[in-house]
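Student: Sequence:
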Amino acid sequence: MKNIIFSTLFFFITLTPVLAKEVRVRLISESHRISLKLEAAKITWCDTPSNCRSKSFTGDFKIEKQGNAYHFLRLNTDKADRIFITATSIIDSKGNRVPNDIEIQLGKKLDLIAKMDLENYLLGVLPSEMPASWPLESLKAQAIASRTYVLYQIEENKDKNYDVESTVMDQVFKHKRLPKAYSRKMAKVLAETKDLMLAQNTKPIKAFFHSHCGGHTEMAANVWPGANGFETVVDPYCSTKVHNLKWNQLQTFSAIEKAYKKQHPEEDLKKLKSVMKGAQNLSGRVENVFLFFENAKVRKWDAVDLRAALGYSKIKSTNFSMQLRDNAVYFSGKGYGHGVGLCQHGAKNMAKLGKSYREILNHYYPSTKILSLNENPSKELTAKVSK
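By our numbering, the letter at position 124 of the sequence shown is numbered 124, and the numbering carries on one by one without gaps.
No lab work stands behind these hints, which were simulated from the structure alone. Where hints are given, some of them may not hold.
Straight-line alpha carbon distances no greater than 20 Å define the calculated EDC-like cross-link-like pairs of lysine to aspartate or glutamate that follow [stated by the list, open to error]: (1) Lys271 to Glu294; (2) Lys160 to Asp170; (3) Lys180 to Asp170; (4) Lys174 to Asp117.
Let the sequences and hints guide you as you build the complete structure.
Tutor: What follows is the structure, given as structure tokens:
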């Protein structure tokens, strides 16, 4: 393996949200009710800035929206806009642990938001997005990608009430305890990549990642129209032995028709008669399919929307072929996920081959640099750029 010499440059950029290093994670969003189990909690709410009340509480806590008012602790208020809760333990209605310092924002929906330090947030993301048993260098690459993604979202969503969702809509966050060996490993990964992020023009990129690219990564704009991104790459590191590299799925015309009509309820369409694959892009992924309905109506359906409608776990990627079988479509595909950015299985295999996290990131995010950010007394950021 060649020795790689990294030269350094220095830039000064202003990026206040990064300095704060606080992440606002939306853990729950409900229309009418949130239920929690609290231990040794302090619950605080303010009807006006000068009229705040607090109450100690242990037990099953419920807040419900009733018209324009909110009911909790046998009280009703239509003035408070949020409730603050600190506790020694918080469990949600699904039995999941929640960080011990949260707020519930009261608006059109009930949003449970946890604010936390960036590195603590990453401790909940990293083992949720990549198995803790995987090689150290692949975990480091994932840590930098995840840190970069959330830094981008912090800036992008600075005018919203949260930065990221805790689900695959952004990146998965779980507030759970790990076995000691894995906990130490995660701490080591984050310590050795602390403050590192991927950047273009000294700004964090939206560092997408996915499970398995199937041999070729995808352009972000092909998945999210208008999205900026980086070049696609041919990926020789995706192992053909991965169980979900190749997949098959049978979907009836009836199921496809139902899924399309659910996405397009405004259209007056009759029975689906046939389906045909449309164009493919340079990565080999399908761009769209054509649906043929009775009365000679034809609709072009983006493959990304088809995948969302039929289910991501069923149509695992848009890299597929189609065969018609007795009023059904037999999909044969490869890869898992949208295909943009870091391929996690490819990163794992690169690490097994002795590649460093820098080499992994350089492969999947070409034309980017790794920045090391450090706060200085003038409240600006010094960006140490590693080529």
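Student: All hints, please: hold or fail.
Tutor: Structure-based check of each hint:
For the hint pairing Lys271 with Glu294, the CA-to-CA distance comes to about 6 Å; that is within 20 Å, so the pair holds. As the CA atoms of Lys160 and Asp170 are separated by approximately 15 Å, the hinted pair is consistent with the 20 Å bound. Of the pairs offered as hints, the one joining Lys180 and Asp170 is violated, with about 27 Å between alpha carbons and a cut-off of 20 Å exceeded. For the hint pairing Lys174 with Asp117, the CA-to-CA distance comes to about 15 Å; that is within 20 Å, so the pair holds.
In summary, the one numbered hint that this structure violates is 3.
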